[in-house]
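*Asks:* Below, each chain spelled out in residue letters.
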Amino acid sequence: MLRRLASLPVVLFCVVTITFFLIRLSPGGPFDSERKIPEAIEKQLLAKYKLDGPLLVQYGGYLKDLIHGDLRLSTKYRNRSVNEILAQTLPVTLTLGATALLIAVTIGVWLGAFAAARPGTFSETGALALTLLAISLPSFVLGPLLILIFAIKLAWLPVGGWGTPLQLILPSVTLAIPYAAVIARLLHDSLRETLAEDFVRTARAKGLSERSVVYRHALRVAILPVISYLAPLAANLLTGSIVVETIFHIPGAGGFFVNSILNRDGFLLGGVVIVYCVLLMIFNLLVDLSYRLLDRRIRES
Amino acid sequence: MIYQLPKRARFPAIILSGMILTVLLGPLFFPHVYDLPGDQTYAPPSLAHLCGTDLNGRDLLLRILEGGRISLLVGICGAAISLLIGTTYGLIAGSSGRGIDNSMMRFVDILYSVPRLIFILIFINAFNERLQLAASSHGWDWLVGSSRIVILIVSLGIIEWLTMARIVRGQTLTLRERSYVAAARVLGEGYWTILWRHLLPNLAGIILVYLTLAVPSVIIDEAFLSFLGLGVQAPQSSWGSLLAEGASAINPLKGAWWLILFPSIALLTTLLALYSLGDALRRSIGEKGG
Chain X
1 MLRRLASLPV
11 VLFCVVTITF
21 FLIRLSPGGP
31 FDSERKIPEA
41 IEKQLLAKYK
51 LDGPLLVQYG
61 GYLKDLIHGD
71 LRLSTKYRNR
81 SVNEILAQTL
91 PVTLTLGATA
101 LLIAVTIGVW
111 LGAFAAARPG
121 TFSETGALAL
131 TLLAISLPSF
141 VLGPLLILIF
151 AIKLAWLPVG
161 GWGTPLQLIL
171 PSVTLAIPYA
181 AVIARLLHDS
191 LRETLAEDFV
201 RTARAKGLSE
211 RSVVYRHALR
221 VAILPVISYL
231 APLAANLLTG
241 SIVVETIFHI
251 PGAGGFFVNS
261 ILNRDGFLLG
271 GVVIVYCVLL
281 MIFNLLVDLS
291 YRLLDRRIRE
301 S
Chain Y
302 MIYQLPKRAR
312 FPAIILSGMI
322 LTVLLGPLFF
332 PHVYDLPGDQ
342 TYAPPSLAHL
352 CGTDLNGRDL
362 LLRILEGGRI
372 SLLVGICGAA
382 ISLLIGTTYG
392 LIAGSSGRGI
402 DNSMMRFVDI
412 LYSVPRLIFI
422 LIFINAFNER
432 LQLAASSHGW
442 DWLVGSSRIV
452 ILIVSLGIIE
462 WLTMARIVRG
472 QTLTLRERSY
482 VAAARVLGEG
492 YWTILWRHLL
502 PNLAGIILVY
512 LTLAVPSVII
522 DEAFLSFLGL
532 GVQAPQSSWG
542 SLLAEGASAI
552 NPLKGAWWLI
562 LFPSIALLTT
572 LLALYSLGDA
582 LRRSIGEKGG
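Protein chains in written order, with the numbering used here: chain X, 1 to 301; chain Y, 302 to 591.
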């Protein structure tokens with residue numbers, strides 16, 4: 001565990017380095033435009049945004065600023081710092097992501113357990129077919145379709161926007177559905193395996209109800225693969241929310257990310273990537289920790 | 302050949318072959334004007350335009366078929382690259398000692414939990430113009446127009462190999478304990494010969510199964526990038542970019558629903574067929590799902 005903790009700064013350093021050089025090596029500067037800017041002004045601009053001097057010196061300066069928690073200024077949204085932009089947009093993205101995570105896990109675990117508890121029945125086949133369908137429905141297909149049905153034809157929910165709980169429903173469901181299906185399949189397979197084990201037979205022999213066997217005893221063990229899937233899931237949700245935010249016109253960090261690529265807004269781009277990675281690493285660590293705790297408790301009992 | 306497949310894999314295989322044939326041959330049957338901007342913009346589906354027309358009055362069905370060519374091409378080639386990287390990586394990790402294996406798999410774990418697609422986005426934008434410049438200075442005309450697709454294929458192959466590597470490595474770990482591998486070692490065959498002659502042929506089945514599952518993942522990734530306007534770009538289109546156009550065209554005032562519905566159906570059918578095929582094949586060789 002300690003080794004893991006120690007590897008975090010190394011990974012983070014790699015992330016920062018790769019991001020910085022990928023951005024700085026892309027052709028075209030942030031101030032290239034149709035109208036040519038006078039050279040003196042361009043020089044001043046470059047100096048203000050610390051984009052002058054040799055590349056390695058720039059890189060060193062950027063690292064130093066990062067250590068002080070300064071993500072620098074955005075070159076597109078003049079005079080706004082990246083810290084400021086992220087402070088406004090990140091809570092939106094995280095709310096969306098957390099809600100989607102909750103929905104994905106709830107639906108996924110329920111559906112997976114439902115299917116696994118009914119082996120060989122039509123319910124199981126049906127549930128598994130449903131998950132295949134859901135996995136094939138990426139957010140950019142599901143989102144517009146849900147808008148078409150629930151926002152435009154039925155007019156039950158708002159088309160997009162942000163701020164009310166109602167506006168949260170469609171985007172978070174859109175984001176969650178494919179991953180709920182992945183979790184359901186994972187849990188189904190691991191639960192089927194667990195249900196064939198000895199301790200389950202013992203529990204059944206003790207005369208416990210099927211319900212209690214599946215949900216109280218087997219599920220505890222079978223949930224482990226789902227927990228280790230949470231880390232990649234979080235990365236997928238964060239990436240996926242970029243598209244979902246675009247579809248539903250949500251003012252989150254994802255939209256800024258896409259625009260910063262198009263505008264060659266290097267520090268904003270770098271800021272988003274670095275903050276995303278830090279968040280994911282912290283999340284991974286928590287997942288790892290809880291996995292170990294659960295695993296040990298299961299083995300002890 | 303279809304009868305050699307497990308029963309549950311036949312139907313998806315038929316759908317998939319049908320889809321590939323339609324996408325390849327379909328556009329040949331359209332009159333040329335259907336591909337040009339026309340004056341019937343946003344026409345709903347009719348007998349003349351079965352799937353309606355788009356913003357510029359082009360026939361949507363034709364665009365879906367042509368977009369399908371790109372989507373499938375990127376999916377298949379990208380998956381092939383991921384197969385190459387994943388298999389090599391997994392084989393080496395699984396057949397080397399514990400130390401190397403551990404650190405190689407730890408690296409895969411780390412990659413799993415970073416937003417890879419985001420890095421690829423930056424990567425594509427950083428290298429597309431360079432590749433284009435290089436192509437035009439060398440006179441590689443074919444590459445100038447399609448540099449973006451080439452770079453898309455390569456970069457998606459670079460990020461989708463993780464699952465393949467994990468599976469191949471796991472399988473290699475069990476295979477290398479088999480007696481025929483031990484026999485080969487006793488007979489003095491070298492490391493690479495054992496990998497190539499004894500391990501790889503026995504991995505072929507499982508690699509093929511996961512290739513079927515890698516294709517839809519790459520197609521989804523491509524559609525994701527194109528949906529954001531950062532993948533395939535006009536004049537070329539893919540299912541992802543068609544969906545993006547469709548999504549920007551729906552609002553309560555003008556409900557051009559066909560622009561969303563038909564590309565969605567095309568993408569959904571293909572993905573569903575690929576995933577069901579992979580799933581059926583996987584179960585038939587006794588692998589557990591994930």
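Heads up, some of the hints might be wrong.
[To be verified] If you want a taste of the chain X side facing chain Y, the calculated C-beta under 8 Å gives, among others:
#	residue
1	L8
2	L12
3	V16
4	I18
5	V141
6	P144
7	A235
8	T239
9	I242
10	T246
11	H249
12	G255
13	V273
14	V275
15	C277
16	V278
If you are wondering where the hints come from, they were derived from the structure by calculation, not from laboratory data.
All C-beta atoms, glycine included, are put in the ideal place defined by N, C-alpha and C.
*Asks:* Need the list of violated hint numbers for this structure, in ascending order.
*Replies:* 1, 2, 3, 11, 12, 14, 16
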